[in-house]
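4 protein chains.
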Amino acid sequence: MTSFECVQLVVKTMGRTFAVLMLVLCGVIGIGRAQGNVRARDLGIPFDGTTGAFNAITDVKGVEVGNTTLIRGSGVLKIGVGPVRTGVTVVFPRGKSSRDPVFAGWFTENGNGEMTGTTWVEESGFLEGPVVITNTHSVGVARDAVIAWRLRNGPPSASGYSWSLPIVAETWDGYLNDVNGFHIKTEDVFQALDTAHGGAVEEGNVGGGTGMICSEFKGGIGTSSRTLSPKYGGYTVGVLVQCNYGQRDQLRIAGVPVGREIPGKPVWDDDVGSIIVVVATDAPLIPTQLKRMARRVSLGLGRDGSYSGNGSGDIFIAFSTDNPKAAAFTGVREVRMLANDAINPLFLATVQATEEAVVNAMIAARTMTGINDHTVVALPHDKLKEIMRKYNRLER
Amino acid sequence: MTSFECVQLVVKTMGRTFAVLMLVLCGVIGIGRAQGNVRARDLGIPFDGTTGAFNAITDVKGVEVGNTTLIRGSGVLKIGVGPVRTGVTVVFPRGKSSRDPVFAGWFTENGNGEMTGTTWVEESGFLEGPVVITNTHSVGVARDAVIAWRLRNGPPSASGYSWSLPIVAETWDGYLNDVNGFHIKTEDVFQALDTAHGGAVEEGNVGGGTGMICSEFKGGIGTSSRTLSPKYGGYTVGVLVQCNYGQRDQLRIAGVPVGREIPGKPVWDDDVGSIIVVVATDAPLIPTQLKRMARRVSLGLGRDGSYSGNGSGDIFIAFSTDNPKAAAFTGVREVRMLANDAINPLFLATVQATEEAVVNAMIAARTMTGINDHTVVALPHDKLKEIMRKYNRLER
Amino acid sequence: MTSFECVQLVVKTMGRTFAVLMLVLCGVIGIGRAQGNVRARDLGIPFDGTTGAFNAITDVKGVEVGNTTLIRGSGVLKIGVGPVRTGVTVVFPRGKSSRDPVFAGWFTENGNGEMTGTTWVEESGFLEGPVVITNTHSVGVARDAVIAWRLRNGPPSASGYSWSLPIVAETWDGYLNDVNGFHIKTEDVFQALDTAHGGAVEEGNVGGGTGMICSEFKGGIGTSSRTLSPKYGGYTVGVLVQCNYGQRDQLRIAGVPVGREIPGKPVWDDDVGSIIVVVATDAPLIPTQLKRMARRVSLGLGRDGSYSGNGSGDIFIAFSTDNPKAAAFTGVREVRMLANDAINPLFLATVQATEEAVVNAMIAARTMTGINDHTVVALPHDKLKEIMRKYNRLER
Amino acid sequence: MTSFECVQLVVKTMGRTFAVLMLVLCGVIGIGRAQGNVRARDLGIPFDGTTGAFNAITDVKGVEVGNTTLIRGSGVLKIGVGPVRTGVTVVFPRGKSSRDPVFAGWFTENGNGEMTGTTWVEESGFLEGPVVITNTHSVGVARDAVIAWRLRNGPPSASGYSWSLPIVAETWDGYLNDVNGFHIKTEDVFQALDTAHGGAVEEGNVGGGTGMICSEFKGGIGTSSRTLSPKYGGYTVGVLVQCNYGQRDQLRIAGVPVGREIPGKPVWDDDVGSIIVVVATDAPLIPTQLKRMARRVSLGLGRDGSYSGNGSGDIFIAFSTDNPKAAAFTGVREVRMLANDAINPLFLATVQATEEAVVNAMIAARTMTGINDHTVVALPHDKLKEIMRKYNRLER
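Protein chains in written order, with the working numbering: chain A, 62 to 457; chain B, 62 to 457; chain C, 62 to 457; chain D, 62 to 457.
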C-alpha cells in the first residue's frame, strides 16, 4: 500500500475530521509514495541536469508541500453529492510557520485560468503566504480560508493586513469531479496547510491534482528539481506542477513524439485544461529576475509539446527563499542579487525541471473513474518504454 | 426616508430572506436616493462635460447595479460577531439575465489589491459576467458565489465553464468593519446579484462601499457619467467607484485644495486604502481600446489629488456594451471598432466621470461609527461650499 | 542676455564645431538661465513640497543634462533646408564619464511615441547609458550616435556590447520644425553628450524641447525636484520633461483652470503631441519600485489636466543613482532596497515634481515662429498671474 | 550557382547602385534559392502540419520580403573598414506599395534586444509599415531610413505622421562582422525595401541574417508556413526568423538532441545572441489575439531546445493581413474577428512554423569566415541526417 492508497483509504472510510491524524500515520508507517512509486527517471526516460535529493520542489530548503485529497462516490453525477475527485495542494516557500514573505514574480502563457493575488505580487515583488492550487470552482473558498488560517494561527499583523491577498490558482476537473458541487470546504484547505511538509512530495492523483488530465492521460501533481554545480553557485531550482493541459497527439517526452504513438480515443480533441507551475529557488534573485524565471516555464512546456490552447490557463509563479526579512516595514534593507549575466544556469534548470515535472505527473497518476463513469487512463509505463526504445531514447 | 435608509431599515429589521422583496418595495414607493440625496453638482461643485440622465454608470444602456448592505451591531469588536459595516456591490454590463460577454480591458495603477478574473480578461478581451466589489476578506466567498448564482439560474454552459473565472474586487474596511469575521455570505452576494437594476444608483455607505473611507472622510460607492455630442458619436461613458483611498491633505475637488482647508485629526497619516473603478461605455471599442480607457482612470484620480500610495489597490476595469454576440464559440464575427483617432472624447469623458464619481462618493456618504467606536466623519457639505467659494469655484 | 540667447547666438553665428567651447563660455560668463529666467514659483504659482537647490533633476547627485539646440532659417518650409527648430537633450544618471548602469523602470500612459531600449530596461532592470530625447524623425540617428559616442570614448566592453541598446525618446516638432529634413546629425548628439553638466538646467526652447508645444502654448524642456525630510530618508527626486502634449482648455495650473481662461485660437483642437518624462532619485529603489515610480508620473500629469490623447506619446522612465556597481558581470551583489512601506513620500514627490516641471517648461518657453511662419505663443506670465489671483491661488 | 551566390557575386563585384537590377536578374535566370537549395524537409527532417506553396512567410498573401546583403573584405578587423558581414531584411505585411496598416501584437521572451516601434503597436493594435531587421548597431539608421523611404515614395500623411514610429529589430553579428563600423547606410535599407517581393524567400546568410549564428552553427534568415484545413478556416500562418541564438548542446531538431551529437568547439559556451521572429497570418485576428499568437513563438523555440539566455533578445511580432482599412481615421469600422474558441489551429501552426523556420535557417546557412578570421561552420547536412537516423526520426 502506497501512501497515496493509504490516503485514499483514510478519506474513503473516515470523515475529514480524523484524516489529518491518519495522514500523519500514513507517513509514519513508511509507505511514502516516493519510495513505493515509480517516477519518470526510474523508467529510463532521459532528462538533462542533476536533480536534488528528492527530485522535488522541496529540495529548495524550507519549501513545504501539503495536500488534501477528496475521493468519494462513484457513478452518475448528482451535483452537490458527487462523485468527488478533487483536492487542494499548497506550497509554502519558507515552511508553514513562517510569516516572512519571499521575492516573487509571475507570468501567464495563456490566461484562461485564475491565480488570485498576482496583482500584488507584480506590484510589490513579494509573495506573502503560501501558493494554493485547487479546482476552478473552489478558488474562492480556498482564498478566504488562507486568510482565516493565518488568523487562526496568530494575531493579525500590525497593519491589519494578514495575508489578505492570497495566491490561489486552479485547473478544471469537471470531467471527473462534481466541480459544480463545491466540495472543497474551509477545513479541507486548513488540512492541506496544516500537513505541509518537506521531503518527498506526493505526485499524481493527489491534492489539487486529484481529478486532473494531462495530454489526455491522467495527470495531476508532478515535481522535479535541479541543483547547479558549485561553479554556478550551487543553487537549487524546484518545480511543482498541477498538470491538466495538453493534447495527446502533441505530447513529446524527451523529444520523442509519444502522444501519437499511443492510439485510442482521446478525452478531448483539443488543447484544453490548464497547468499551474510553481518554481522555487534558493538563488538570490530579485523580483525582476524571478519574473524572467517564471517566463522560462513556457520553454519547458514547449519541450513537452504544448501549444497552449485557448482553453488553457497556463500560469506560473516563481519565488526565491533567499533574502529573508527583505520585506521590512521601514527603512532600507541589504538584499542579495545574482548578476543577470550569471543567471543562465537557473533559466536552464527551470526549463529542465518543468519538462520533467510534467512527465512525473503523468507517470505517477493512476487511471481514474469519476462522474458518470468517465474514465481517464494513465500513461501506460510499458508502452512508454517501448516507444522510447523505438526512438533510441530509453536509458538503461 | 431615502431609499438608502429604507434599505437600512429592511436589513436591520428583517432577515436577508425578505430583504429582496422589501428592496423592490423601497424602489416602488419612490424614495430613490437620486431624488432625495444631494450630489456634488447639487452643491455647486463645477465639473466639465455633460452627464447622462442619472449621472450614473447606468446611463450606459443595459448596465445594472445591485447592492447588499450589512450594518449590524456597535461597540467593541468581537471577531465573527461584529460590528458589521460591509456589503457587496455588483455591476452587470448587459443586465442580470444576459449571458453575453462584453469586450473589456483592465489596468492597475497600484496593485495592493485584488481583482480576480483579470488574467482571463487580459487574455480573451472579454468580461463574461458581472463585476463584484466587496471587502478584502470576502473576495473568495463572493467569487464562488458568482459561479453558484450562474448555475442556480440556468444549466451549465456547453463547455462546462460557467462564469468560472469571476471578476471580484475589494477594498479594505477593517477600520469600521469586523473584516476578520467573514460576514459576507453566499446569500448576500446572491441578493446583490438578484436586485441589480438600472436607473438611479445608490451612493455612499452602501454595498461594498458601506465601510469605506475616502481621503480620510467617509467614502463608499460613487458614480457619474458623460454623454458625448452627436458629433463625437453620441456615446455614453459611465463610471462607478468603490472609494476607499486617499490622504486628506492631498484632496483636490475641482482643482481646489479642499483637504488641507479642513482641519481635524485624519484617520490615517498616509495614502492607504484602495479604489476600484468600473468604466462602462456603449462606444464600439475593442479590448485594446478598453485597456487604454481603463488607464485614463489614473488621470481622473490625479485630478482629485491621488498619488496612489503603496497600500492602495487602485484597480480599474472598462467594458463596452456594444458588439453583442462578439464572444461566439466558432467562426468569424463582424465586430464594430471605433477609429483610434476618434477616441479622445471617450478618454476625456473617462477622466471627467472618474473625477466626479469620487467626489460623489464622499458627498453621498454619511458619518459612520463602526468597530471599537471608530468614527469616520462625512465631508461636511457646508464647509465644502465655503471652501469652493473662497477659491471662486462655487457655481451659482 | 540669458544663457539661452547666448546659445542661440553661438549656434546662429558659428558652425557647430566651435559651439561647444562657446557654450562653456556662455556658462562661464555667468548668464545662466536659472539666474536670469523666471520659473513658475517665481511668479507665485503655489506648489507643494520642498525643492532641491536647483529645483531640477540635477539635484539628484551625479545627474547631468546636456542640450544641443538647432535654430536656423525662417519662412517657407523647404524640406532638408529648414526652417530648423529642433535639438537633442540628454540626461546622464551618473555623469557622462560613468559606465556604471543604474536600476531603472519605465511606463507608458499612452504609447503614440518611441523610447528605444525599453525592452532591455524592462528585462534587466538596468539603464546602461544616458536617456536621450529628440524629435520623432531623428530617433534613429541619435540612437546609433549614442553607441558611436560610447565607442569614441573608450574601448568596447569585454562582451562586445557597448551601450548597444540606447534609450532614445522623442516628441514631434513638425509644426515648427522641418522634421522631415532630418537635421539632427551624429555630431549634434555628440555635442549634447559632451556638454552635459550638473547644476542649473536650461528650460523652454532648448535641446529636444526647442520646437515643442505644450497645452497649445510654447513648450519644451522643464524640470523640478523634491527633497524629502530626514524622517523619510532625506532622498531627492528630480524630474525632467520634454513637454509637447496637452489641449489648452484642459490645462490646470495648481488646480486652476488656466487653459479656458485664456482665449485665442489654439494650435490644435485636440490632445496631440507627447510628453517624455525622466525621473531620477537617489533613493535605494530596485527596478520593481522604479517602475512604480514611473507610473506616478501619470498622476502628476492628471493634476495638470492631461487626458492623454490618442496622438500622445506619454512615456516615462525612472532610475535610481543608488546602488553603484549593482550591474556586476558575475556573482552576487548586495544591493540596498527601501521598504515598500516607506516609499510613499517618493511617490508623492514624483507627482509633485512632474506637476511642476510641466509648468516650468511653459513658463520658460518663449514665443517661437517656425516653418511656414507658424507661430506658437508662450504662456503669458502676467495673464497667468491674473488668473491665479482670480482663483485666490497666487502666492505673494 | 544559387541565387544566393548570385547575390554575393553581384554585391562583391558591383556597387550597390546596380545591385537591385542584378538581383532581379538573378531571379529571372531561374536559379532561385528555393529551387536550388536544400531545406530541412528536403533532408528528411520530420515536421508536422501542411506547408504553403513556398513554405515561407510569403505564403500569406501580400507579404513581401526584401534583403540587402553586405559581404566585403576579409582578415583582421579594422573598425569602419571591415570585414563586413551584415545586412538588412524587411517584411512588408501588404506589399511595399501599401500604406494600409495591419492589426498586430508583440511579445518578448527575453528582452536583451531592440524592436523599435513596439510601444505604438501595443497601444494602437496596429503595425503601420514594414518590419525591418538588421544588426544591433544599425537599428538607428534603418529606423530613420524607413521614414525617409516612406517620404521619398509619397507625400506625408495628412497628420504629418508618416510611418514615424518604424519597427526595426536587431540581432548582434559582431563575431563575424565589423559591427562597430556602422556599415549599413540609408541606401542599403532603401534597397531592401525597394526589392521586397513575394514568392520564394532567401534563407541563411542573407539580409539581416548574413552574419548571424544559431545554436553555435551558422544561422541567419529562415522561414516556414502552415496552411489550415478548410475545416479550420483554411488560413495560412507564415513565420520568418532572424536566428542568432542558442547554445549548441541544447539544440533539438524534431525532438532529437542533435546539438550534443556533434562534437567540436562551440563558438560560445553560453546561450547568447538573439532571435527576431515575425509571424504573419491572413486569419481575421484582432490585436489581443495577435499578441497571443506572438506568445506561442516561445513554445516553438522551446521545441528546438531554447532556454532563452540572459544575453538573448527574443522578440516576436505577429500581424494579420485581414481587415484592410481597419485603421480608419474617423468613425466606426466593421472588423472581422475569429472566435477565440476557434484559434487553436493557428496557435499550433505558429508553434510548428517557428520550430521549422529556425531549422531552415541553419540548413540554408553556409560556413562563413568573418572578422579576424573567425569562422562559424554550417550545420553539416550529412551528419544531421545520420543523427536523425540514429534516433529513428529521418523520413524517407
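Bear in mind the hints are in silico, worked out from the structure with no lab data behind them. Treat each hint with caution, since some may be false.
Intra- or inter-copy, both count: the list cannot distinguish identical chains.
Result set (DSS-like, lysine-lysine): computed pairs, CA atoms no more than 30 Å apart in a straight line [unchecked claim]:
no., residue 1, residue 2
1, 139, 246
2, 157, 386
3, 139, 157
4, 246, 157
Computed from a predicted model, the values in this text were never measured in an experiment.
Hint-by-hint comparison with the structure:
no.	hint	in the structure
1	139 - 246	both (18 Å within a copy, 24 Å between copies)
2	157 - 386	within (16 Å within a copy, 36 Å between copies)
3	139 - 157	between (36 Å within a copy, 27 Å between copies)
4	246 - 157	both (20 Å within a copy, 28 Å between copies)
Going through the hint list in order, the structure satisfies each hint without exception.
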